[in-house]
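Participant: Please take these sequences and the hints and turn them into a complete structure.
The working numbering puts the first residue of the sequence shown at 47, with every later residue one more than the last.
It is worth saying that the hints were derived from the structure and are not from the lab.
Treat the hints with care, since some could be wrong.
[Stated by the list, open to error] Quick list of the computed label-pair ranges, beta carbon to beta carbon: (1) 291 / 80: 44 to 50 Å; (2) 159 / 127: 24 to 30 Å; (3) 72 / 123: 28 to 34 Å; (4) 80 / 119: 14 to 20 Å; (5) 416 / 84: 32 to 38 Å; (6) 129 / 416: 30 to 36 Å.
[Claimed, not checked] Derived DSBU-like pairs (lysine-lysine); straight-line CA-CA distance at most 30 Å: (7) 420 / 91; (8) 135 / 91; (9) 91 / 185.
Just so it is clear, CB atoms sit at the ideal spot from N, CA and C, and this is done for glycine as well.
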Amino acid sequence: MSDFSSPLWEVGQELTLQGTGEEYKSDFFDTVQESIELLDKELRKLSLDISAHPELRFEERHAHDVLTAFMAKQGFEVTPHHLLETAWKATYSHGNGGRTIGVNSEMDALPGVGHACGHNLIAIAGVAVACAIKSVLQKHDISGKVVLLGTPGEEGGGGKVILLDKGAYEGMDVCLMCHPAPGPLSAASLSSCLAIQRKVVEYHGHTAHAALAPWEGQNALDAAVSAYTNIALLRQQVKPSHRIHGIFEGKDWAPNVIPDYAKMFWYVRGQTWAEVQALVPRVEACFKAASLATACKVDIADGGATFDLRQNVALGDEFTRVFGSHFGPIDYTYGISSASTDFGNITYALPALHPGFAIPTEPHGGNHTRAFAKSAASPESHAATLNVSKALAAVGARVLTDDVFFSEVKRTFEQDKEARNAT
47 MSDFSSPLWE VGQELTLQGT GEEYKSDFFD TVQESIELLD KELRKLSLDI SAHPELRFEE
107 RHAHDVLTAF MAKQGFEVTP HHLLETAWKA TYSHGNGGRT IGVNSEMDAL PGVGHACGHN
167 LIAIAGVAVA CAIKSVLQKH DISGKVVLLG TPGEEGGGGK VILLDKGAYE GMDVCLMCHP
227 APGPLSAASL SSCLAIQRKV VEYHGHTAHA ALAPWEGQNA LDAAVSAYTN IALLRQQVKP
287 SHRIHGIFEG KDWAPNVIPD YAKMFWYVRG QTWAEVQALV PRVEACFKAA SLATACKVDI
347 ADGGATFDLR QNVALGDEFT RVFGSHFGPI DYTYGISSAS TDFGNITYAL PALHPGFAIP
407 TEPHGGNHTR AFAKSAASPE SHAATLNVSK ALAAVGARVL TDDVFFSEVK RTFEQDKEAR
467 NAT
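Facilitator: See below:
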């Protein structure tokens, strides 16, 4: 297996080893490292179990059960089926008062290709971070709380957005998680990602005999094909960072019957949510033009939206210091920069961090391929997951104990909020 499967890690990237500066309470990091290493074999078993039982969005019943059982065994107060059927919460509190660290574990797989985005690794990373912070709270007698959320339906379901709307993130001072991607082993990334608006488009026409009386028909398939072509033309006049892609489908189609129905699913992406909002009307104009051209009725519905990642600057600086000191270089450009995640909405709501971390993959075996699912089950990927978990847990420990640092976390969050509101 190659350490470099994607040229994006090789062209124009600055991978810098940043870890200089005095370490914050090295005994905290020692506790984090020791606690995660003690769970190494159990976490590996848990990861492989989830990998071997891939479940689609909002159907993660096996993952729900094994993860909640594991967290209960670790002494957490577990709430199964929390706000959603396959969501869950595991909480540990120590002392009186203190701050609350939120952590996320994703669990869902992809149709046909299994855990091809490595959510089995994300699941155990959340577990490792939460358990390590629990150990810091206990061993060093720190007042505070850690809340691990099992978040279903990331792949196209916006599970975190639903949980956010239902109040699952209330009370968290910060939230942490991570995501694997191809790249040089022992590297991590603090890139953003693309914001996305999903659109569901339906065309309604009129059937007719395709040879005997085609003039009596209104061809919904033609409307879909026209919309597809319109967007292909639009792509020439959008920014290189924008992504517009979709599919169409129908029902009861036959060559000698003019179709009276076609359905399309479209994703509109941009580097920021503001960019996406500006692009969507241009895309919708393509749908409406196809409707006019074919005399078909068009219905356009929102299919859900997720925002770009706003990596908290203070949390990111601390992660860079810890990861760079102990594990490897940091990249600020690649990671999952051209993908999308519902964690972006969390970063808009509260200070949060979502580093990417590199796992070794086969050539052309990046995220959302069967090869990546295989890579995400490798021992090397497991080791990389534990490393990034240690760094994230150390960041969480500093949030719990350093008032000056937490003030900077809040300040940089508000500063970023002002910047995005100004665009």
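Participant: Of the hints stated earlier, which fail here?
Facilitator: Checked against the structure, no hint fails, so every one of them is satisfied.
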